[in-house]
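S.K.: Chains as they are written, first to last, in the working numbering: chain Y, 1 to 694; chain B, 1 to 694.
Honestly, the hints are just simulated from the structure, not real lab data. A hint or two may mislead.
[What the hints assert, rightly or not] With a straight-line Cα cutoff of 20 Å, these simulated SDA-like cross-link-like pairs (lysine to any residue) come out:
hint : chain 1 : residue 1 : chain 2 : residue 2
1    : Y       : 249       : B       : 329
2    : Y       : 249       : B       : 321
3    : B       : 249       : Y       : 333
4    : B       : 490       : B       : 512
5    : Y       : 234       : Y       : 263
6    : B       : 534       : Y       : 640
7    : Y       : 478       : Y       : 640
2 protein chains.
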Amino acid sequence: MLERLFGPRSIALIGVSGEPLSIGRQVLRNLTGHGYRGTVHLVNPRLAEIEGIRTYPSILDVPGEVDLADVAVRGPLVPDVLEACGRKGVKFAIIHAAGFKEAGPEGRELEDRILRIARAGGIRLCGPNSQGIQCSEPSYPVYANFTFVPMPPGRVSILAQSGGVGETLKLHLYRAGLGLRMYASYGNEADLGLAEFLDYFGNDPGTRAVMLHVETLKDPAKVLAAAARVAARKPVLALKAGRTPEGWKAAASHTGALLEGEDSAEAVFEKAGVLRFRTQEEMVAAAIGFSEQPCAKGRRVAVLTNTGGPAVIAVDECMAAGLRAADLGPETRAALGRVLPPAASLANPVDVLATAGPEPFGSAMDILLADPAVDSLLLVFVTPAFVDSPAVARRLAEAAAGSAKPVVSQVITLDPAGEAVRTLRGSGLPVFEFAESAARVLAALSDYPALAARAGAPAAPAAVRPSGIAEILGRRRKGDAYLSAFEAAKLLDLFGIPAAPPIPIAGRDGLEAAAARAGFPLVLKADSPAIVHKTEAGAVILGLKTSDELRVAFDRLTAAVKDDPEARLYVQSQAVGGREVICGLKANPGLPPTLVFGLGGVWVEALSDIRSRLGPLTAEEAADMIRSIRGFPVLDGSRGLPPADLAALDRILVRLSELGTAVPEIREADLNPVLVFEAGRGALVVDARIRVAL
Amino acid sequence: MLERLFGPRSIALIGVSGEPLSIGRQVLRNLTGHGYRGTVHLVNPRLAEIEGIRTYPSILDVPGEVDLADVAVRGPLVPDVLEACGRKGVKFAIIHAAGFKEAGPEGRELEDRILRIARAGGIRLCGPNSQGIQCSEPSYPVYANFTFVPMPPGRVSILAQSGGVGETLKLHLYRAGLGLRMYASYGNEADLGLAEFLDYFGNDPGTRAVMLHVETLKDPAKVLAAAARVAARKPVLALKAGRTPEGWKAAASHTGALLEGEDSAEAVFEKAGVLRFRTQEEMVAAAIGFSEQPCAKGRRVAVLTNTGGPAVIAVDECMAAGLRAADLGPETRAALGRVLPPAASLANPVDVLATAGPEPFGSAMDILLADPAVDSLLLVFVTPAFVDSPAVARRLAEAAAGSAKPVVSQVITLDPAGEAVRTLRGSGLPVFEFAESAARVLAALSDYPALAARAGAPAAPAAVRPSGIAEILGRRRKGDAYLSAFEAAKLLDLFGIPAAPPIPIAGRDGLEAAAARAGFPLVLKADSPAIVHKTEAGAVILGLKTSDELRVAFDRLTAAVKDDPEARLYVQSQAVGGREVICGLKANPGLPPTLVFGLGGVWVEALSDIRSRLGPLTAEEAADMIRSIRGFPVLDGSRGLPPADLAALDRILVRLSELGTAVPEIREADLNPVLVFEAGRGALVVDARIRVAL
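Put together the whole structure using the sequences plus the hints.
M.R.: What follows is the structure in C-alpha cells.
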C-alpha cells in the first residue's frame, strides 16, 4: 500500500529554494547523496534552475507521472500546492511545514482543509509536521527527509512522532556502526498514521525490528491492532514520551493533542506485546541487539570477563532486569579449568583474568556457549596494554558467530572505533560502553519470545450478552447513572460473578424476614443514587448480631436518609474472614475497557499496589495480573496466611472482563471489597458500584 | 599523610621485566609518557638495563631515598620484596599482584604476612590487587598505574575497588573531554583503605568531586566518618556494586569479602550524604556536571530547545528525578516573545524552532537564565543542516558561561567531536548524547546542596544511659536473650517511649485486681522466653470485655502454656482505634544501629513499605523517614482519614534511636504494632520484642 511512498519512481520537490541552507535543498542533497535512482523534479515558480537542475514553475508542468511530492512550502501555501498535486495525479505527499493542528484552532482548520483537498485529489499525506521518510533498500534507496544522519542499509526501522527523537535514534544506530532500514517521521497524522506505517514495516521482509517514538496516540484502537499483528512477528520497541504530567503537557502543546484525552499509549503497548522502554538509549541499545543477534531461548545468562568489577555490575543489572545467573555444570567448569589459568574464576561470572590471550579467552566462550544451561552470554572485555587485544577480539568474534545464543558485550578500550571494537561489531557482536546497557539488551532479547507468543495467541473469546441485560438497563433514562445495589447484583449474577445478595427490607415489619434470609451476623446498608461511597456516607452498619441490634440500626439509618426519597435500605449477610481485594473495570473511549486488580483496605489502597490491563482478558492474562502485584505473597500462602482461592479470583476477573465487553454501556465498575477465602472456599463480591451511560 | 604516595620524589619499579607487554613496563610507559618529574629506578635482578635505563638487582642497591615502590612481582615474591623495601626505608608500596585474600585461605595468610612485614618496615601499602594510583597535578604528574586511559589534568578524583570499573570511569571522563585529578585503585585494602584515600581527596583543593566504586566495605564505621566529612565539603558520588544476591556473591568471590558479612555500604552512604547512583554512566555524567558547573540553588528547571520531541523526554526525566518545571513569569514570556519567531513556544519547555540562528537562540538562554524562577537550565540542541550550528554553539556557550546557574545539554549532531560540541564543552557546558542523561545530571546538581548541609549538620546528641539499665540487664546470663515483656516495658519507659504497660496477674485470684488496673476491654497475653511471636503462638487473646470473658480466657491460656515453666500471664489495656505502624532497631557490628519505620499489618508488611536509616537519628532524620514511606498519605490526613499524631511518632523514633545508642547491648528491638492516634492524641507501643546480647 505504501510502496510508492517508500519507493517512488519519481519525486517532485515542491518549494525547493535558492537558499542552500534550506529544508528543500537538504532533501535534494539527501536524495542525490544517497543514490536515489528515480527521477527528481524541482518545482519553483521563481528560479529557472537550482544546482544545475532545471525547475518547473508548477507541479502541473512536470512531465510524466509523479509518485511522491515532497512539499517544503510554508503552511498557508500547502492547500494550493496540494490541489495542483491532485490534478497532476500525485500519489503521496510529504508535508514538512508545521503550524497546523499543534498551533491552535486556525492551524487545526488548515489541517482539516488540506486533508479534504488530499482526499479529493486521491493523495495520501505524510504529515504535516513531518521530517520525511527514508528507505535504505540497496536496490532503490530513498532519503526524502531533511535530516543529516547518513543512511547505510540496516535492519531496524523507525517510526517517530518527533523528528528530533527520530534523528537521535537514527544517530545512535549509526554511531554503533549500524544502518537503518526504513524511517517515517509521521508528524500530525492528518492522513497516514502510526498504524499504517507500522503494518507496512511489519510486512517488510528487510525490517527485523521496529522502534517507535510516541507522544500521543491519535487512534489507539487501530494502533493496538497493528502493533499486536506486528509484535507477533518481529520485535516492536516503543518509547512513550509525556509520561509525567509536565511532560504530557509539553507533548500536548507540541503535537496538538487534547490535554483532556486519555493517555492510553502504555496500556495499548502492553496489551499488544510491545517492548516498552523508558529511555532512548535503552531502546536503541535493544534495537541493536535485535538487529544483530538471535533472541534467547531462556533467561539464564553467563557472564564472561577479563576484569572482575564490571562483571559484578553486569550480574547486578542482569538480575535486576529479570534474568537469572546460569548455573554452570561440573563438565563446563572442568572444561574451563583445562583452558584457563589456576587463578581464573570458573564460576559464573567466569573471569579469565586481564592477562588472557586469544586462546583461553575464546575457548572459554566456546565452552560457555556450548553449555545447555546457558541461554545467553554477556561479554565484558577490557583491552589491557599488555595483551594483543585485536587478536582476542578476532577469536571472540569467531566464537560468538557460530552460536545460536545471543552474545552482547561491554568493551573497555581507549578508541571506540579501534580495531577490537570494529572486529566484534563487524561480526555482528554488539558492543556497548557500559555493562549495564549490555545487560538490559540481553534482557530484551530474552523477553521478546514470550511477548511474541502472547501477541500471536488467540484473543479472549467474544463475550455473549445475556438477555437479562435489557431488563436491567431498560428502565433508565439517557445519561450517566449508578446502578442500584439490586441491579448491580443482578448484573454480576448474569455473568456468574459471586456476590453477597442485597436483601430488600419491606419496612420495619419486614426486618425479621429479611434477617432470616440473610442470617446473622449481617450488614445494613442504604442504597441511593445520591450515595456513591457508602462507607464514607455512613450508609453501612456492620456486625449486627441480633434482631435488637438490627432494629436499632434500622431506625438510625432510616433517620439518616429521611431526606433522600430514593434511598432504600437492605441487609446483606456479613461474610466472615477472607482477604480484601479490589477488582475494577473502566471504559476507554475507542478501546476495550481496562481491568484493574489490587489489594484492598485503605492502607493498601494508599500504596497503589494495583495492576491494570486492557481487556478482554484471557485466563492467562487475568492470572498474570493477579500474580504480579507486589503484595501477592499475602495471597499465595507464603506470608504465614493460608493460600487464598486464586482460581476463584481468576474467574471473577475474567468474568468482569466479559461483562465489560458484553455491556459496553458500563463506564466503570468497582467491586470493592471482594473477599477471597482460603483455597477451595471461593471469593465473594461484598460491594459493587457500577456506573452506566445510556 | 599520603603526599609521598601521590607525589613521590622517587619511584622504584620492582619487577619490571624485559617483556614490553607487561604490567611493570606499562607503569614505566605511563610514568614517563605523562611527564613524571621525579626519579624512576628500575629493579630487576636479571637484566642490566631496560629501555635504555640501567637496572638495580635489588631495591637495596638503589641510590638515595625512595618514596614509592611500585611492586609488579608475583604474589609469593612480595614478602621478600617488602622486607627489602623496609630495610631501604621506602615509604609507600603499591602491590599490583592478585592472589591474596580474594583467593582463599592461603592467600589470606599471605596478605596477613605482607601486612606484618610492611608494618615492621614502616611502609604503607596500597593493595594488594591494586592497579595503582594517579595524580595529574600539572606541576608534578604521577601515573603509577598500568592502565591505558590518558591523564589530562581535571577536577574529578576516583576511588575504585575494581580496577576495571575505575578504568571505565576514567575512560568516560576522557571521552567527555575532561581530565582526572587523582585516582586510586584501592584493591584489597590490606593497609590503606577507602577511608584514608577519601579523606585525602577531600582535603585536596584540586578535587572538586569524588567518584567511588565500592563492592564491600572493609571498615564501614571509618568510611561513614570520612564520607560525612568529605560530603559536607564536596560531592561524593558512589556506585555500590553487588546489590543483588547474585552480584554480591560475584563480588565476594572477587574481593575476598565474607559472604556472611552485612552489606552496609548503601546505608553508610545514605547516612553520610553521599550521592548514590545505580549505573556507571549516570555517575560519570553527574561527575562531569559537578566538574564543570555550579550546583543549583533550587529544583526549578527550564528546558530550552530547538526541537520539541527530545525536550518532552527531558521534561519527563527531570520530573521523574525530582525536579520541578520552572513556571516562567509573564515578563520572561514577553521578553522571549520579542526575540523569538511567532511559531516558537514561549512556555517551558521553550522551543525556539529548528530554524533558529545564534541570536534568537542565545538571547532566549540569556532571558531564561535571568529569570529568578529558574534554578537550572537544560539545553536540547539539534544541529540542522540549514543552520550555522557552530555560530549557535558559540552564542549559547557565551550565554551559559556568564551564569551562576547550572546549564547542561543534549546535543544531537553527527560528529560527537565536531565544532559545536567542542565549543560548548570548551566553555564548560557539559554535552550529553541523551536528554535523559542531562536531566539526571541536573537532578544531581540540585540534590547535592541539601546533602552537603545534612552531612555538615551537627549529629544527633549523644544519648545518656539511664541508671536503670543495669538493673534491667544485670540479672541475665551471658548470651543472646529476649527481654521479658515487663523488662521491655521498663526499658521503653526509661527512654520516654509510651507503651501499654503489662500488668502481671497474681494467679487466678488476682484477675480482678489486674483487670481493675488495666480496665476493659483488655488483652490477655502470655510472656515467655520460649515465645517469640506471641500472636503466631496463640499467646494473645484480644477483646476481653468482661470479668467472665477474662476468666475463661485465663483458664484457656494457662492450659496452653502449662508445659512452659517460665511462662507468665499478664493483661494489657486494649487500645481502641489508631493506625498500626512498626518501629524497629537493629544492631550493626562496627556501626551505629539501624532504625526501621513502616506501616503495620500483615498486608502492608508484605508490601515492604519500610524505610531504614543508620542511627543516631536527628529529629529531622526521623521525620524524613516517616514522611518518605510510600503509604505516608494514610498518616497525613490526605486519604480520608484524620491526620495522625506525627509529632508523637517522630518522638518515638528518635527515642528508639537514643535507646539503641545508649544501650549497645540491644541486638534488635521490634515495636510492633505501634498505634498512632489522631493528631494530639499520641501514639502507643502495644507490643515490644527486645533482644539483647551480654
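S.K.: All hints, please: hold or fail.
M.R.: To see whether the hints hold, each was checked on the structure:
1. Y:249 to B:329: holds (18 Å)
2. Y:249 to B:321: Status holds; Cα separation ~17 Å.
3. B:249 to Y:333: holds (17 Å)
4. B:490 to B:512: The hint is violated at about 23 Å.
5. Y:234 to Y:263: Violated - the C-alpha atoms of residue 263 of chain Y and residue 234 of chain Y are around 25 Å apart, more than 20 Å.
6. B:534 to Y:640: holds (14 Å)
7. Y:478 to Y:640: The given pair, whose Cα atoms are some 50 Å apart, is violated under the 20 Å limit.
Violated hints, listed in ascending order, are 4, 5 and 7; each of the other numbered hints is respected by the structure.
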